[in-house]
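Number of protein chains: 4
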Amino acid sequence: MATQKKLKMGMVGGGPGAFIGAIHRNAALMDGLIELTAGAFSGNPEKSKQAGEDLMLDPSRVYSSYDEMISKELALPESERIDIISIVTPNNVHFDPAKKALENGFHVVLDKPMTLNYDEAKELYKIIKKTDKLFCLTHTYTGYPMIKQMKQMIADGAIGEVRKVYVEYPQGWLHKLLEYENKQAEWRTDPARNGKAGCFGDIGTHAFNLAEYVAGIKVAKICADLDIKVDGRPIDDDGAVLMRFENNASGILTASQIDAGCENNLKIRVFGEKAGLEWQQEDNNTLRLRWPDKPDEIYRAGTGYLGSLANENIRTPAGHPEGYIEAFANIYRNFARCIYALRKGEEPKPEWWDFPGAEDGIRGMAFIENVLKSSASDKKWTPFEVEY
Amino acid sequence: MATQKKLKMGMVGGGPGAFIGAIHRNAALMDGLIELTAGAFSGNPEKSKQAGEDLMLDPSRVYSSYDEMISKELALPESERIDIISIVTPNNVHFDPAKKALENGFHVVLDKPMTLNYDEAKELYKIIKKTDKLFCLTHTYTGYPMIKQMKQMIADGAIGEVRKVYVEYPQGWLHKLLEYENKQAEWRTDPARNGKAGCFGDIGTHAFNLAEYVAGIKVAKICADLDIKVDGRPIDDDGAVLMRFENNASGILTASQIDAGCENNLKIRVFGEKAGLEWQQEDNNTLRLRWPDKPDEIYRAGTGYLGSLANENIRTPAGHPEGYIEAFANIYRNFARCIYALRKGEEPKPEWWDFPGAEDGIRGMAFIENVLKSSASDKKWTPFEVEY
Amino acid sequence: MATQKKLKMGMVGGGPGAFIGAIHRNAALMDGLIELTAGAFSGNPEKSKQAGEDLMLDPSRVYSSYDEMISKELALPESERIDIISIVTPNNVHFDPAKKALENGFHVVLDKPMTLNYDEAKELYKIIKKTDKLFCLTHTYTGYPMIKQMKQMIADGAIGEVRKVYVEYPQGWLHKLLEYENKQAEWRTDPARNGKAGCFGDIGTHAFNLAEYVAGIKVAKICADLDIKVDGRPIDDDGAVLMRFENNASGILTASQIDAGCENNLKIRVFGEKAGLEWQQEDNNTLRLRWPDKPDEIYRAGTGYLGSLANENIRTPAGHPEGYIEAFANIYRNFARCIYALRKGEEPKPEWWDFPGAEDGIRGMAFIENVLKSSASDKKWTPFEVEY
Amino acid sequence: MATQKKLKMGMVGGGPGAFIGAIHRNAALMDGLIELTAGAFSGNPEKSKQAGEDLMLDPSRVYSSYDEMISKELALPESERIDIISIVTPNNVHFDPAKKALENGFHVVLDKPMTLNYDEAKELYKIIKKTDKLFCLTHTYTGYPMIKQMKQMIADGAIGEVRKVYVEYPQGWLHKLLEYENKQAEWRTDPARNGKAGCFGDIGTHAFNLAEYVAGIKVAKICADLDIKVDGRPIDDDGAVLMRFENNASGILTASQIDAGCENNLKIRVFGEKAGLEWQQEDNNTLRLRWPDKPDEIYRAGTGYLGSLANENIRTPAGHPEGYIEAFANIYRNFARCIYALRKGEEPKPEWWDFPGAEDGIRGMAFIENVLKSSASDKKWTPFEVEY
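Top line first, the protein sequences correspond to chains A, B, C and D.
Just so we're aligned, residue 1 is where the first sequence starts under UniProt numbering, counting upward by one.
Just so we're aligned, residue 1 is where the second sequence starts under UniProt numbering, counting upward by one.
Just so we're aligned, residue 1 is where the third sequence starts under UniProt numbering, counting upward by one.
Just so we're aligned, residue 1 is where the fourth sequence starts under UniProt numbering, counting upward by one.
Any given hint could be a false lead.
Which copy? The list can't say, so a pair holds if one copy fits it or any two copies do.
Calculated lysine-lysine pairs in the DSS-like style (CA-CA distance at most 27 Å, straight line) [stated by the list, open to error]:
1) Lys176 with Lys218
2) Lys133 with Lys349
3) Lys294 with Lys349
4) Lys344 with Lys49
5) Lys379 with Lys218
6) Lys373 with Lys221
7) Lys267 with Lys176
I should point out that these hints are in silico values taken from the structure, not numbers from a laboratory.
Next comes chain A alone, as it looks inside the complex (with noise of 0.2 Å):
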């Protein structure tokens, strides 16, 4: 029979005391595109069959391991085994159930940062190239439509050649040591788990693919000054980063997990020869295009006068308030769509290629080495490598 089926998911990791498995599952499941079908959600398997039980699956799709899933569900006929497989663990594990699920013939999508350490990165970054699979890194922040319409701004060139790109991202949740408190903090201060980069592995990377994403112009060189601020914590939790731009545009870039009161107001402005543009992750909705010589104006989502990027990525009209869930749910939508088309022979509209994936992730992974590299250096300039 003709009719469309909905794309199944596996999920590996996500289980009780996770964040962001929950999230992904929110955006995943939002659209009605993909469904949650199996689940390899904890390496311990008795919390993965509490998982699937509180997820109400089936249990016959609940895994210990994702060596497990992905041998079950291959042994699967095609039109009942899973399509994507979806990784949320810490950062630890993403190469390995990445490169499987690639190998072996699913669609994957991976939380941030791409791995554990550049090498990996670089290795998966050939494994994606190779695959006819598609594959899907949740950048969340480029999910959000009035990021989009201020990328496709700048690219129509609304405000002319970029000069200069701030962005800050600043949180407070660990001005103090939580880490025998907290799983969030016990892990991603851990550079066993996390990467040897703490606050910058974690959203510094965050900061700077928004920077490149929304700028669209690549980092040539940094000067990076990170730090520990508080005092037991092995990885830095606090920085700066000048950076220059290949066009020579400069760039400020700043992350911060000991901002203490700060939540998670992300924010990027960008100017150029003829006009700014901000935005700000408490604002969401809201693009602020800022003209030396008229009044400035206000973009608000979901209104009829933006671009396509932006049109594709919205649910409701202006005033109606979407956000993080969204973002993400974006994402996930798009990697959806592309799949249907694909599926369906035909060509995915470009606004819907547009997720962020094997190339934001081993710019990422750079991002973090060169930081590092940089930070620890009595010069100042950097250049920023990768290769890919």
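For chain A, the structure is supplied; the task is to place chains B, C and D on it using the hints.
Then chains B, C and D, alone, in the frame of chain A:
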């Protein structure tokens, strides 16, 4: 086997071109507690079929009318049958499907306002009171976590006895005659499908419901001035209502669809003997507590210091903006949680029971009745009359 | 010698403990067009003397009463004599000094409201119309540059014909009984010194004046609901007024002194057929132009794209916030500029004549009269009656 | 006779076309403590004379040069002679008049930066240290009441030890080459009149001064990246500086004149071990105290709960916005209050002494020196060196 199964939902309305049906689906699906199983999406069988195909439903569960849906679903084994009927049609198709759904043993989610007119509302109210099925009316704005926090703080005495309520709902989308271009505008300004109030039926009722919900007091008398600002429109598109509550608190309610350039920034402020509280939809994750003699306090969604009512209605930590769809989803989630609990023979938490229902519905319809009466009267005050 | 000399001002009231007198002095002095030369700062001769000393005035120009000030100043040679009398006393001491000052050849600046009661206002209005001296009533809020821009844009048709005016003036300082602790509260809630309206005499009149000034249309009928929210207070401390303007535009005016935690955030929004304009005192250098179908525009004080009315009322480039004292100073500056121009036999610019005067005064007093009448009436509408 | 007399001020610079001179006059006059008595408003005698006439000064007190002003004023009896010389010329005419004024017994108010270059600054610093006359440098932004509150709260330990300082000063007025059209742009981008730093001399020094003033800690080392973004401009128009303070706190300072569309929104955020504080000029009457585990608090100017430093620098109750001119006036008022107190043989309050002076001046000039040195260096860190 003991495993819980997802609640199955059938939808009435919400076919191509509809606005609110898609939002209901996002909201119902997001949390993985409900799945969309069936639908009578349009009175036009072709359109209903098409909608079912777009939504990837089993074609055998896509119906040409709600009557057909009810009878055919009843013929299915209970384990396959839908549990919930969600009604998202224009107001003239609220009463009949809701009545039949309840009388045939389905839980009902109904878009507001309750019915086309007050007589239908009184009859439906009686039906709801008799049934053991759950009834939910989607007064979305009561689903916002910071609205729930506001309600709880007022109930707990944070601002002292309430003296003043300001509620305003400014929209501008009908600032000119759109009725011949826009499907939404068409039925919402047609008394036969929308009911005899225009703006006050559509959004005035939301504002009224929110005021009573948040302030925790009932309106006792009103003085309304409704108007038609756009020539050629048959029903009100703008108005203001002075109110006095049972405890003599004063209220000012304004609603408009002709405030050109306004989107949907529903705003409520409540002042008590000791302090004031303010919330607005454009910054829905923030609640401001105003103090006369110390710094105002900014309560934020997702933080650790909120009350149980807010805490049960949030998915992400502070700084990850949730919005309108999540507010909607909170209503569906609480509704579903109650059904699950009752199914298991457990008592639902009081926070879950906090979704709008029959009383909100009948009072909303009485509000329309009383406002129209007051607006037509030469007397200043019209008592707020309601039978239930 | 041809050199122009600064205008000399004498003040009535404004002694120790007064609030508004000091502001009048800041405002009058700031621009170097006026100097404070004389004063009858208090009915108590010792207090007046002390005030004169604190202000470093020549003791021979410090008087025990305005009668003394008028007679002794008249005895001085014209080149030494004061030009302007500024009256900043409680409302029961407005009429008599204003009358005498005008009749004796002084220009008058009078704090609002015009007089203690409507009868006095009608008489003073006649006196003003007969004299060739200038009369200014300090409805401060009309001095803000972005209020002037708003008025000019509306007059120029930027939003089309006006349909709606929202004006609100929420204060909270009288949310409890302060009358026995606070000098301001004492006289402002005493009908013998303040007049028979409390909140509506003090700030309701400001809101009314602002609405008519900005919207450029006159109120035709009103429906008021005033109340006393704090037990033991003799006059209104809270209220709301529905309005219809001459062109049938609708208005909602609220004013309160019991909105606990509110400071002084006077706010006005005007919607026309095509667009809307919003301003609020807390962000007084910004004016938002709302469009239904393109991005809203943010007009800012001190920019190069404003109209002549704003441009004549600003001192600094954009981004250097001016505020309340500058708004006050704009009224004094325009008043002084007119006097200088007339002295030189020149025609003052129309932008300078744009300070509040006799008509604002008589309409404000009529507003009090009509609001009290409406609030006491069972009928919905009371015509807005005023004689002048 | 015992009566106090107003302080008399003579101005150097501030003739036709100047921006800052008029602001100095507004600020000096507003509070009635100072009168403008004399001036050498321009090096061009005709222009100086014209300015004197416009300002309605006695023509005998209008001079063609500051040398003339100093010598002729000294020839007057002390009771008639000016007390204060206010210098508002371009930077190349700061040192000489300041030196001569102090050496001839006048109190001095000097616009920032202190001098054209660091050598002059060191010499002037020594002169100031030797004289018994008062010296004030108008780092305006330290005059805002909520900046003073911020400083006092940090000094009192409200946020714990300081870990992070963000300060940014984005302007856009030089986003294109204006140098041939605009008098301000002309001298401010001419090294001979402005000094060798452009943006960093003009506004970078303000940001630096504010950071040290508010945080109460000194910068120890810096890493600067300055740039010229507009072709054809001889000096920096944009830059960023990473900083470390003496206690190892991290700082990020950005200043730009090419951020197209930005006005003047100087912003500072300071984070300590326990909490954070934020202020920005666009909302200058608000200070936000961020807490990690309870609601943020909004401190507002003019309220009853502020500290002594804010309270001595405000004129109106909460909700009556004061702004830039009042901040400027606070500096003049504190300066004047100190002079009055000393004249009367009284000890000025510590809050009055809190105006910027010699140390701010020399550190500001050292900042320029060090920033240029760092920006030209290949090394990451340049120690912050200053002699005084």
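query: Which earlier hints turn out false for this structure, listed by number in ascending order?
result: none
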